[in-house]
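Fit chain B to the given chain A structure using the hints.
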Amino acid sequence: MTPVLDVARRSALAALADILVPAGRGMPSAGEVDLCRAGGPVDRVLAIRPDLAAALPAMLDAWTGPATQDGVEAFAQGRPESFAALLETVIGAYYLDREVKRRLGYDGQQALTLPRAGIGGEDHLEALLEAPARWRRPPATGGAA
Amino acid sequence: MNAAPRTVPARTEVLVIGGGLGGAVVARRLAEKGIAVVCLEQGRRFDREDYPGRTAEWEVAAFGPWHPSPNVRRSAADYPVDDAQAQMKPLLFNGLGGSTILYGGHWMRFLPSDFAVRSLDGVGDDWPLTYDELAPYYDEADRDFGVSGLAGDPAYPERPDYPLPPLPIGAWGEKVAAAHAALGWHWWPGSNAIASRPYDGRRPCVQRSTCGWGCNEGAKASVDVTHWPKAEAAGVQVVTGARVSRIVVGADGRASGALYRVEGGPEEMIRADAVVLAASALGTPRLLLASADARHPHGLANGSGLVGRRLMMHPFTRVVGLFDEDLGSHQGHWGQSLYAMEFAETDERRGFVRGAKWNLTPSGGPMHAALFPWGERRWGEGLHAHVGEWLGRAAIWGISCDDLPDPENRVVLDEAARDGDGNPGVSVAYRIDENSRRMLAFNAARAAESFEAAGARRTLSLPLMDDFGWHPLGTCRMGRDPDTSVVDPFGRSHEIENLFIADGSTFVTGSSVNPAATIAALALRCADHMAAHGGRRPS
Chain A
0 MTPVLDVARR
10 SALAALADIL
20 VPAGRGMPSA
30 GEVDLCRAGG
40 PVDRVLAIRP
50 DLAAALPAML
60 DAWTGPATQD
70 GVEAFAQGRP
80 ESFAALLETV
90 IGAYYLDREV
100 KRRLGYDGQQ
110 ALTLPRAGIG
120 GEDHLEALLE
130 APARWRRPPA
140 TGGAA
Chain B
0 MNAAPRTVPA
10 RTEVLVIGGG
20 LGGAVVARRL
30 AEKGIAVVCL
40 EQGRRFDRED
50 YPGRTAEWEV
60 AAFGPWHPSP
70 NVRRSAADYP
80 VDDAQAQMKP
90 LLFNGLGGST
100 ILYGGHWMRF
110 LPSDFAVRSL
120 DGVGDDWPLT
130 YDELAPYYDE
140 ADRDFGVSGL
150 AGDPAYPERP
160 DYPLPPLPIG
170 AWGEKVAAAH
180 AALGWHWWPG
190 SNAIASRPYD
200 GRRPCVQRST
210 CGWGCNEGAK
220 ASVDVTHWPK
230 AEAAGVQVVT
240 GARVSRIVVG
250 ADGRASGALY
260 RVEGGPEEMI
270 RADAVVLAAS
280 ALGTPRLLLA
290 SADARHPHGL
300 ANGSGLVGRR
310 LMMHPFTRVV
320 GLFDEDLGSH
330 QGHWGQSLYA
340 MEFAETDERR
350 GFVRGAKWNL
360 TPSGGPMHAA
370 LFPWGERRWG
380 EGLHAHVGEW
390 LGRAAIWGIS
400 CDDLPDPENR
410 VVLDEAARDG
420 DGNPGVSVAY
430 RIDENSRRML
440 AFNAARAAES
450 FEAAGARRTL
460 SLPLMDDFGW
470 HPLGTCRMGR
480 DPDTSVVDPF
490 GRSHEIENLF
500 IADGSTFVTG
510 SSVNPAATIA
520 ALALRCADHM
530 AAHGGRRPS
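Heads up: the protein sequence lines correspond to chains A and B, in order. Residues in the first sequence are numbered from 0 upward in steps of one, following numbering that gives the first Met the number 0. Residues in the second sequence are numbered from 0 upward in steps of one, following numbering that gives the first Met the number 0.
Looking at chain A on its own, in the form it has when it is part of the complex:
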């Protein structure tokens, strides 16, 4: 499969990704995990999102603003649909990265075994079971329409 992003576009995207996902609160920046590396998380996103794969090259080619927070802000305001595609690509890729998941303490969605007894909240449920009915009984018209 031909990569959607050539070297120049990959570099442009990496610069923007670092603005969108800076380091902080113990989490790495997009650049620190090399999000846009060939065969990396961005490519995994684009492989299953042909809509983003179609939108992203044109968006990157049309990018004229500085890769700064203000530049990205202006782009987000001026071209919200293109920005949404950019944001989904970068955010989606970021949370696929193994190191990001490790630091976040997120191991993906796991298959769990249901508890065999109890659903929680039983103490409070008992009072409700004793509560009077609260539903309204309609007039016995059988419906008029």
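Honestly, the hints are just simulated from the structure, not real lab data. Hints may contain errors.
[Unchecked claim] Below, a sample of chain A positions facing chain B; criterion: calculated Cβ distance under 10 Å:
1. LEU19
2. MET26
3. GLY120
Computed from a predicted model, the values in this text were never measured in an experiment. For glycine and all other residues, C-beta sits at the position ideal for the given N, C-alpha and C.
Leaving out everything else, chain B in the frame of chain A:
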């Protein structure tokens, strides 16, 4: 291009158009009574392995090819839906199983008052049937779908036990339950069409929380799991990739069948003694309007002029409670952990009539946390703090407001936009009225109080989540009077006696609750009526 398979008969007793919830229930029921049924479904079959929930990329897929909006998903099976004039955007799914592939399985009966809105509250219209009339069908649907839940809810009349015990309410549910006990507010363990124990060949839920993108376990009762295998075993012939362009009405004024293409092949005609439309509240009026002919210039079954009108979608928002401790809420069924009907019935002191149903759900994964449309900037320095305080620590109240019919909220054909076979798409107009806006605001404020009482450090909400028109309903309403309704109380067209509708189109009002159980119950009732009377209206 493939021609229609030779196995598709040229004639059948009953033709069902649409392989979603209503179509599956009708087809299975009729086939089990020995009636020959063919179902034409424009989407494809899915295998549980197709669903993205078990993959690392599940959230990326959820925002794209598995999105519930056809305008985001843009599958070849979808038809164009112009929702630019809709203040809520309709969601639906085309494929064998229909929207049950993606639904959360929230399984709720209408309240008795939902059937008598005009009589009780002076708004909307009464249904031409009562809760008591529908109750036996609700009971049966509960068994067919293998619903998990707990009987005894004081918000409802007495009912039999659910076939399966309820799913756990989760650590977040326990906090909310305690809060509601302190507030004196209603709550109840969620009733879900999700198996809590092995049931009828289905595995129990594994709490992966990806129900909204297809259930990999087959624990969720989507009708491709619960109904189509049994229907096909009973003889129903299902043709997928089969797009119907029009229903044909003969010189005798009866539906004679439908024209369709299979995957772009040549146009074929299938003849039937009776036709059941079950194509959703968008797709069903679309076909009726597209089937206009010289004797029905405004579309089939449309003497009342109501085909496509009175669209309802449940004005919806969410309130998120963010807690300090890790609740593990990125897991759990989705699905409702619990629900609350505290504000579901009318109290005019609140400044509006009717009410809302609340359902509590888990938080989703990190991408959902990051991208959820909260009006806050979701990138840059704030990203990590936002995701960190959300992931596993959030619980979400979904606020689903009763929707009352407005004839100007409607679905019309969009001749300018065509599906892959050249059939017109639809254009949707939908406005949220002042009563609904007040209802949303009141309930969102109370839901924030619920979370605050539960110990949330802060809450987030929006006035309206317009991208979540989960439940399109009402575009071919039922009633007794042909001048003011499209179908009779059994779903039979007033004008074409062998044409039936068995989906949410027939709803008279919206209720505040999720519609799947009521669609299923009405479809069973429709099928029993068809089996008893066939394509002839009983005298």
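Checked hints:
1. LEU19: holds, 4 Å
2. MET26: Given a least distance of 5 Å, the restraint on MET26/A holds.
3. GLY120: Holds - the Cβ of GLY120/A comes within 10 Å of chain B, reaching about 4 Å at its closest.
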